[in-house]
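> Sequence:
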Amino acid sequence: MSLFSKNIILIFSRMNFKSSSYILIVFLFFTQIVSTQKIIVEGLVVDEFDYEVPFAAVGILKKNIGTTSTMEGTFSFLVTKNELNDILEISSIGFETIKINVQDFINRKNKKIILKEKLTALDEVVVKAPINYINQAIKSLKINTISKSHQLNILYRRWDVEENKCRFFIE
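Residue numbers for the sequence shown follow the working numbering, beginning at 7 and rising by one.
No lab work stands behind these hints, which were simulated from the structure alone. Some hints here could point you the wrong way.
Once the Cα atoms are required to be at most 27 Å apart in a straight line, the calculated DSS-like pairs of lysine-lysine come out as [unchecked claim]:
(1) 44 - 68
(2) 154 - 118
(3) 44 - 118
(4) 115 - 69
(5) 68 - 105
(6) 105 - 118
(7) 69 - 145
(8) 171 - 117
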């Protein structure tokens with residue numbers, strides 16, 4: 007046992023239970039704060055021709071941490087030290103998915119992610135008559151229809167700025 011450990015045990019043995027409990031709680035709270043410090047992951051998603059890829063999905067694989075790129079292709083979100091060894095996944099429709107270690111991406115000087123175009127060949131498409139679906143919908147109309155009036159209050163706000171001028175503002 008080290009000298010430091012012996013001193014800590016000696017200090018706790020001389021204190022009463024209540025004060026040592028407070029010190030222990032403060033110590034645990036401090037270690038929790040230190041372990042959950044946030045690190046910013048930010049970058050730019052572009053295609054092979056250096057055009058921005060808007061609304062690309064950027065996130066940590068198998069975790070609910072992530073965001074989408076903006077109209078300009080930029081993204082930013084926070085991770086803890088616990089997620090540094092996880093995999094960062096970047097995907098968008100029409101492009102191949104990129105996977106990279108979070109720590110490796112943070113250490114890169116160039117934060118630009120280049121997505122390669124992906125061609126998807128489709129098999130034949132069969133168009134069926136919708137009469138069966140319509141009949142089922144009509145039969146279930148009473149079950150699926152709301153009988154009482156309801157009201158939904160929401161605010162959706164979206165905007166985009168280019169060269170310090172608002173391109174659009176939707177509210």
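> Check the hint pairing residue 44 with residue 68 against an upper bound of 27 Å on the C-alpha distance.
Given that 27 Å is the threshold and the Cα spacing comes to 19 Å, the pair holds.
> For the pair supplied as a hint, residue 44 and residue 118, confirm whether the alpha-carbon distance does not exceed 27 Å.
Holds - the C-alpha atoms of residue 118 and residue 44 are around 21 Å apart, at most 27 Å.
> Under the criterion that the straight-line Cα-Cα distance not exceed 27 Å, is the pair residue 115, residue 69 satisfied?
25 Å, holds
> Hey, residue 69 versus residue 145, does the alpha-carbon distance stay inside 27 Å?
Distance ~41 Å between residue 69 and residue 145 Cα, so the pair is violated.
> Does residue 68 pair with residue 105 here, judged by a C-alpha cut-off of 27 Å?
Since the Cα atoms of residue 68 and residue 105 sit roughly 12 Å apart, the hinted pair holds (cutoff 27 Å).
> Does the structure keep residue 154 and residue 118 at a Cα separation of 27 Å or less?
Status violated; Cα separation ~52 Å.
> Is residue 171 within 27 Å of residue 117, Cα to Cα?
25 Å, holds
> For the pair supplied as a hint, residue 105 and residue 118, confirm whether the alpha-carbon distance does not exceed 27 Å.
13 Å, holds
Violation of the numbered hints given earlier is confined to hints 2, 7; the remaining hints are satisfied by the structure.
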